[in-house]
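Undergrad: Throw the hints in and build the complete structure from the sequences for me.
Protein chains in written order, with the numbering used here: chain A, 4 to 193; chain B, 4 to 193; chain C, 4 to 193.
No lab work stands behind these hints, which were simulated from the structure alone.
One thing to keep in mind: the hints can contain errors.
Simulated crosslink set (DSS-like; lysine-lysine; CA at most 30 Å straight-line) [as the list claims (entries may be wrong)]:
| hint | chain 1 | residue 1 | chain 2 | residue 2 |
| --- | --- | --- | --- | --- |
| 1 | C | K100 | B | K39 |
| 2 | A | K167 | B | K100 |
| 3 | A | K8 | B | K36 |
| 4 | B | K100 | A | K193 |
| 5 | A | K186 | C | K167 |
| 6 | B | K106 | A | K167 |
| 7 | C | K8 | C | K36 |
| 8 | A | K39 | B | K100 |
| 9 | A | K106 | A | K39 |
| 10 | B | K106 | A | K111 |
| 11 | C | K106 | B | K111 |
| 12 | A | K100 | C | K167 |
| 13 | C | K100 | B | K111 |
| 14 | C | K8 | A | K36 |
| 15 | C | K186 | B | K167 |
| 16 | C | K8 | A | K100 |
| 17 | C | K100 | B | K167 |
| 18 | C | K100 | C | K36 |
| 19 | A | K111 | B | K100 |
| 20 | C | K36 | B | K8 |
| 21 | A | K100 | C | K193 |
| 22 | C | K111 | A | K100 |
| 23 | B | K100 | A | K8 |
| 24 | A | K100 | C | K39 |
| 25 | C | K106 | B | K167 |
| 26 | C | K111 | A | K106 |
Derived DEER-like restraints, expressed as beta-carbon distance ranges [what the hints assert, rightly or not]:
| hint | chain 1 | residue 1 | chain 2 | residue 2 | range |
| --- | --- | --- | --- | --- | --- |
| 27 | A | R183 | C | R99 | 51 to 59 Å |
| 28 | A | R142 | C | R99 | 37 to 45 Å |
| 29 | C | R27 | A | S171 | 54 to 62 Å |
| 30 | B | E13 | C | C176 | 46 to 54 Å |
| 31 | A | G37 | B | K36 | 27 to 35 Å |
| 32 | B | D184 | A | E18 | 53 to 61 Å |
| 33 | B | A104 | A | G159 | 16 to 24 Å |
| 34 | C | R99 | B | A104 | 35 to 43 Å |
Here chain B is said to cover these stretches of chain C; the calculated rule only asks that three of the stretch's residues, wherever they fall, bring their Cβ under 8 Å from a Cβ of chain B [what the hints assert, rightly or not]:
| hint | segment |
| --- | --- |
| 35 | 89-99 |
| 36 | 119-128 |
Note that CB positions come from ideal geometry on N, CA and C, so glycine has one too.
Chain by chain, the residues:
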Amino acid sequence: MKDSKPFIHERALCESDDIGAGTRVWAFAHVMKGAKVGCDCNIGDHAFLEAGCVLGNRVTVKNAVLVWDQVTIEDDVFLGPNMVFTNDPNPRAAFRKAPSAFKPTRVKQGSSIGANATIVCGVTLGECCFVGAGSVVIRDVPAYALVVGNPARHLGWMCACGEKLGRSRTCSCGRRYALRDEKVGLVPLK
Amino acid sequence: MKDSKPFIHERALCESDDIGAGTRVWAFAHVMKGAKVGCDCNIGDHAFLEAGCVLGNRVTVKNAVLVWDQVTIEDDVFLGPNMVFTNDPNPRAAFRKAPSAFKPTRVKQGSSIGANATIVCGVTLGECCFVGAGSVVIRDVPAYALVVGNPARHLGWMCACGEKLGRSRTCSCGRRYALRDEKVGLVPLK
Amino acid sequence: MKDSKPFIHERALCESDDIGAGTRVWAFAHVMKGAKVGCDCNIGDHAFLEAGCVLGNRVTVKNAVLVWDQVTIEDDVFLGPNMVFTNDPNPRAAFRKAPSAFKPTRVKQGSSIGANATIVCGVTLGECCFVGAGSVVIRDVPAYALVVGNPARHLGWMCACGEKLGRSRTCSCGRRYALRDEKVGLVPLK
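TA: If you want it as structure tokens, here you go:
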């Protein structure tokens with residue numbers, strides 16, 4: 004079927020053969036061989052996906068995002084423009100590490116990372132969390148948490164739909180949540 | 004006339020037919036169809052101008068700047084390298100918005116935005132304001148204000164010529180200003 | 004000899020004829036004529052080296068780094084992804100400066116600059132210093148200092164090998180240091 008193949012812009016550089024159906028790769032983006040990308044993703048201009056990174060389905064990778072080896076992005080994640088991951092906690096040009104010394108980063112299902120944010124490696128971003136634009140994340144983020152600043156601090160909670168939650172933790176969209184604990188974050192109620 | 008046509012670098016991707024005379028678009032930059040760019044602008048390498056953005060005349064767009072739909076840049080604005088706009092206040096990959104839900108951003112005449120700054124959508128940057136490098140702007144900026152930090156805070160006032168103003172609000176270049184109020188900012192005196 | 008020539012990716016744009024042996028320039032990177040690059044450097048995708056910049060040997064330039072005229076990078080420096088330099092302290096689109104009004108920046112041997120960091124021009128980054136990811140540097144950094152935040156503040160000391168130093172200033176790798184003074188920073192002991 005025509006729709007089952009990814010779309011690669013003629014000015015993109017796509018070396019991976021592990022890209023799902025319906026995914027689009029735009030101009031001047033570079034997907035390395037060994038990068039794994041799911042279905043129906045959108046990879047913006049000037050983005051870079053390194054060998055070893057893994058992206059789920061329906062991930063939005065806005066322009067100029069950089070994703071490295073050891074970074075795992077689950078389904079339905081939004082990576083804002085110019086945001087950047089890392090995988091080496093203390094890089095030195097004269098002391099190259101083995102990849103085994105890199106620290107992995109995981110971004111869980113439904114999360115959003117704002118424009119120009121920086122994610123220091125070795126952290127897990129919980130389900131549906133929201134990292135504000137320009138923030139620098141240096142520790143784990145609880146599920147559904149809104150974090151902002153440099154370093155990023157916990158400011159409140161966000162619904163899966165993107166609305167900020169009040170004290171009732173019931174969203175106008177009808178979704179309701181309970182607080183598991185400050186570290187794990189919220190859990191959705193049926 | 005030869006000079007009346009924009010210059011498009013052979014490695015650029017320019018799909019817009021609404022670019023003014025004397026404007027230059029450099030390598031690996033991408034100007035989408037539907038982006039409107041005035042005269043004598045300079046669009047640096049790796050910049051991206053999305054359909055729906057509007058740039059005035061003599062705008063400097065340094066390298067890797069990202070400008071989206073609903074962003075309006077007036078004349079004589081300087082956009083520093085790697086600075087980024089946004090247009091969706093709470094993006095979620097699984098909850099796509101209609102463009103009507105995006106928030107517009109306006110950068111008024113003569114403003115400067117420093118390198119790597121982030122402008123959260125829905126704000127107006129007043130005439131000749133100055134956003135320091137690496138700042139994250141989350142609210143309106145008064146005319147001629149200098150703002151810095153994450154979030155950006157009001158630190159002082161800048162002359163149209165780029166010099167910091169002292170308490171007299173008279174610049175060594177001869178320009179003089181009066182304070183309208185803290186929200187509107189300065190107004191130039193004749 | 005085959006190895007003595009730099010490698011230029013077929014999608015890169017390399018106009019400089021002053022690039023040392025063993026240096027690699029990757030896809031969508033642009034090295035301008037007049038940029039000087041030493042041996043065995045690695046210039047990542049989407050990086051931009053402007054005419055007038057000088058890079059030493061074995062410099063790692065990660066993806067999308069922007070280096071301008073008046074920026075000097077010594078040997079064995081690591082420039083993290085998306086980090087950006089500046090050379091104009093107060094840019095205004097309508098008041099172009101002569102290059103002589105730009106402020107130089109020097110990054111000394113062995114330093115590391117983290118992802119998405121911003122270096123405001125006119126500063127010197129001391130030998131083997133370490134600028135944390137997302138930091139905004141607005142003043143000189145002492146040798147071997149670790150600085151983080153916006154604006155970047157002095158948080159501790161780093162060994163040449165990348166390990167954080169404790170109060171003894173002796174690293175597990177065997178290197179030892181003495182404090183010259185808070186401004187100059189550490190000096191290695193034999």
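Undergrad: Compare the structure with each hint and give your call.
TA: Okay, the hints, checked on the actual structure:
{"no.": "1", "hint": "C:K100 to B:K39", "verdict": "holds (27 Å)"}
{"no.": "2", "hint": "A:K167 to B:K100", "verdict": "holds (16 Å)"}
{"no.": "3", "hint": "A:K8 to B:K36", "verdict": "holds (25 Å)"}
{"no.": "4", "hint": "B:K100 to A:K193", "verdict": "holds (25 Å)"}
{"no.": "5", "hint": "A:K186 to C:K167", "verdict": "holds (27 Å)"}
{"no.": "6", "hint": "B:K106 to A:K167", "verdict": "holds (17 Å)"}
{"no.": "7", "hint": "C:K8 to C:K36", "verdict": "holds (17 Å)"}
{"no.": "8", "hint": "A:K39 to B:K100", "verdict": "holds (27 Å)"}
{"no.": "9", "hint": "A:K106 to A:K39", "verdict": "holds (18 Å)"}
{"no.": "10", "hint": "B:K106 to A:K111", "verdict": "holds (27 Å)"}
{"no.": "11", "hint": "C:K106 to B:K111", "verdict": "holds (27 Å)"}
{"no.": "12", "hint": "A:K100 to C:K167", "verdict": "holds (16 Å)"}
{"no.": "13", "hint": "C:K100 to B:K111", "verdict": "holds (21 Å)"}
{"no.": "14", "hint": "C:K8 to A:K36", "verdict": "holds (25 Å)"}
{"no.": "15", "hint": "C:K186 to B:K167", "verdict": "holds (27 Å)"}
{"no.": "16", "hint": "C:K8 to A:K100", "verdict": "holds (26 Å)"}
{"no.": "17", "hint": "C:K100 to B:K167", "verdict": "holds (16 Å)"}
{"no.": "18", "hint": "C:K100 to C:K36", "verdict": "holds (21 Å)"}
{"no.": "19", "hint": "A:K111 to B:K100", "verdict": "holds (21 Å)"}
{"no.": "20", "hint": "C:K36 to B:K8", "verdict": "holds (25 Å)"}
{"no.": "21", "hint": "A:K100 to C:K193", "verdict": "holds (25 Å)"}
{"no.": "22", "hint": "C:K111 to A:K100", "verdict": "holds (21 Å)"}
{"no.": "23", "hint": "B:K100 to A:K8", "verdict": "holds (26 Å)"}
{"no.": "24", "hint": "A:K100 to C:K39", "verdict": "holds (27 Å)"}
{"no.": "25", "hint": "C:K106 to B:K167", "verdict": "holds (17 Å)"}
{"no.": "26", "hint": "C:K111 to A:K106", "verdict": "holds (27 Å)"}
{"no.": "27", "hint": "A:R183 to C:R99: 51 to 59 Å", "verdict": "holds (57 Å)"}
{"no.": "28", "hint": "A:R142 to C:R99: 37 to 45 Å", "verdict": "holds (44 Å)"}
{"no.": "29", "hint": "C:R27 to A:S171: 54 to 62 Å", "verdict": "holds (56 Å)"}
{"no.": "30", "hint": "B:E13 to C:C176: 46 to 54 Å", "verdict": "holds (49 Å)"}
{"no.": "31", "hint": "A:G37 to B:K36: 27 to 35 Å", "verdict": "holds (34 Å)"}
{"no.": "32", "hint": "B:D184 to A:E18: 53 to 61 Å", "verdict": "holds (57 Å)"}
{"no.": "33", "hint": "B:A104 to A:G159: 16 to 24 Å", "verdict": "holds (21 Å)"}
{"no.": "34", "hint": "C:R99 to B:A104: 35 to 43 Å", "verdict": "holds (39 Å)"}
{"no.": "35", "hint": "89-99", "verdict": "holds (count 7)"}
{"no.": "36", "hint": "119-128", "verdict": "holds (count 3)"}
Taken one by one, the earlier hints all hold for this structure without exception.
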